[in-house]
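**Q** Chains as they are written, first to last, in the UniProt record's numbering: chain W, 1 to 180; chain V, 1 to 79.
Derived by calculation from the structure, the hints in this document are not laboratory data.
Since this is a predicted model, take the numbers as computed values, not measurements.
Be aware that a few hints might be false.
The following residues of chain W were derived to be distant from chain V, with all beta-carbon distances above 12 Å [what the hints assert, rightly or not]: (1) Asp-76; (2) Arg-90; (3) Thr-98; (4) Cys-104; (5) Leu-113; (6) Gln-116; (7) Met-127; (8) Glu-134; (9) Ser-140; (10) Thr-144; (11) Leu-154; (12) Asp-159; (13) Ile-160; (14) Thr-163; (15) Met-164; (16) Lys-175.
Calculated cross-link-like contacts (lysine to aspartate or glutamate; reagent style DMTMM-like; alpha-carbon spacing at most 20 Å) [what the hints assert, rightly or not]: (17) W:Lys-162 <-> V:Glu-22; (18) V:Lys-75 <-> W:Asp-167; (19) W:Lys-175 <-> W:Asp-112.
Virtual Cβ for every residue (Gly too), placed ideally from N, Cα, C.
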Amino acid sequence: MRSLSRGLSLAASGRLVCVSRRSSVTASTALAATYASANAVPCSSLSSSMAASAHRASAAFFHTSRVHRAPSDVSDDLAKDLHDIICHDRLVVFLTGTPSQPRCRFTAQLVDLLDQLGVKYSFFNIMDDEEVCEGLKAYSDWPTYPQVYVDGELLGGFDICKTMMLDGTLTTMLKDKQLI
Amino acid sequence: MPSIQSTIVSRIQEAFQPAELEVTEVSAEDAKYNVRIVSAAFAGVPLIQRHRMVNDLFGEELRSGTIHALGISAKPPPS
Numbered sequence: 001m002r003s004l005s006r007g008l009s010l011a012a013s014g015r016l017v018c019v020s021r022r023s024s025v026t027a028s029t030a031l032a033a034t035y036a037s038a039n040a041v042p043c044s045s046l047s048s049s050m051a052a053s054a055h056r057a058s059a060a061f062f063h064t065s066r067v068h069r070a071p072s073d074v075s076d077d078l079a080k081d082l083h084d085i086i087c088h089d090r091l092v093v094f095l096t097g098t099p100s101q102p103r104c105r106f107t108a109q110l111v112d113l114l115d116q117l118g119v120k121y122s123f124f125n126i127m128d129d130e131e132v133c134e135g136l137k138a139y140s141d142w143p144t145y146p147q148v149y150v151d152g153e154l155l156g157g158f159d160i161c162k163t164m165m166l167d168g169t170l171t172t173m174l175k176d177k178q179l180i
Numbered sequence: 001m002p003s004i005q006s007t008i009v010s011r012i013q014e015a016f017q018p019a020e021l022e023v024t025e026v027s028a029e030d031a032k033y034n035v036r037i038v039s040a041a042f043a044g045v046p047l048i049q050r051h052r053m054v055n056d057l058f059g060e061e062l063r064s065g066t067i068h069a070l071g072i073s074a075k076p077p078p079s
């Protein structure tokens with residue numbers, strides 16, 4: 001399998017750290033990624049992540065007739081990149097746009113909420129990278145942006161953050177994790 | 001061809017038999033909708049999983065952009 005080299009570079013700006021990838025994927029390598037996807041094998045961390053997810057779903061007595069999307073929907077290389085971005089900081093948000101130039105209402109509202117909390121976070125502008133934009137939806141089984149990750153785990157989108165803010169669980173969680 | 005809004009209503013009703021259901025078209029132009037669901041199906045279910053349950057009903061629409069944004073409030077009835 002062709003090796004897709006994707007380095008991550010950082011641009012620090014005050015409390016915000018922008019995570020980006022050094023080189024964009026060309027059409028041919030994107031095609032290679034597409035083919036690689038068919039042969040991808042879930043790595044152990046993905047497997048344990050899926051097992052944990054299945055356990056949670058089972059504990060919730062949630063049954064579905066739909067087949068849950070498998071991690072192999074994204075290639076190994078892309079999955080590694082996504083994992084690296086998600087784990088780059090304790091709090092990572094994937095935005096449509098940037099905090100200073102949000103491109104949709106939910107991203108703007110999320111940024112306002114995070115500012116209100118005074119929490120430090122890193123962000124990734126998904127409009128800069130189509131492969132990350134589409135890949136992360138499959139990787140996390142979450143179809144929309146913004147997305148919020150805490151210590152490598154998906155917290156959810158703006159709706160969930162807003163709900164947790166209103167009922168106090170967001171502040172409690174962030175304090176427990178010593179993030180605020 | 002049923003409207004997106006009526007599709008959302010019928011699919012949620014079939015999946016969750018909600019005690020309460022409110023579907024709002026926030027913006028027809030931007031394909032943004034809000035759903036407020038009260039259903040026993042969400043009892044004991046973590047918040048993120050509730051959202052996944054709802055999102056999964058509209059996976060194709062969300063992928064294709066027929067639905068661009070779906071605001072979700074999903075709660076079990078007060079016990």
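**Q** Indicate, hint by hint, whether the structure satisfies it.
**A** Tested hints:
no. : hint                    : verdict
1   : Asp-76                  : holds, 22 Å
2   : Arg-90                  : holds, 18 Å
3   : Thr-98                  : holds, 19 Å
4   : Cys-104                 : violated, 7 Å
5   : Leu-113                 : holds, 15 Å
6   : Gln-116                 : holds, 19 Å
7   : Met-127                 : holds, 14 Å
8   : Glu-134                 : violated, 9 Å
9   : Ser-140                 : violated, 10 Å
10  : Thr-144                 : violated, 6 Å
11  : Leu-154                 : violated, 7 Å
12  : Asp-159                 : violated, 5 Å
13  : Ile-160                 : violated, 5 Å
14  : Thr-163                 : violated, 6 Å
15  : Met-164                 : violated, 7 Å
16  : Lys-175                 : holds, 18 Å
17  : W:Lys-162 <-> V:Glu-22  : holds, 19 Å
18  : V:Lys-75 <-> W:Asp-167  : holds, 13 Å
19  : W:Lys-175 <-> W:Asp-112 : holds, 19 Å
Of the numbered hints listed earlier, those contradicted by the structure are 4, 8, 9, 10, 11, 12, 13, 14 and 15.
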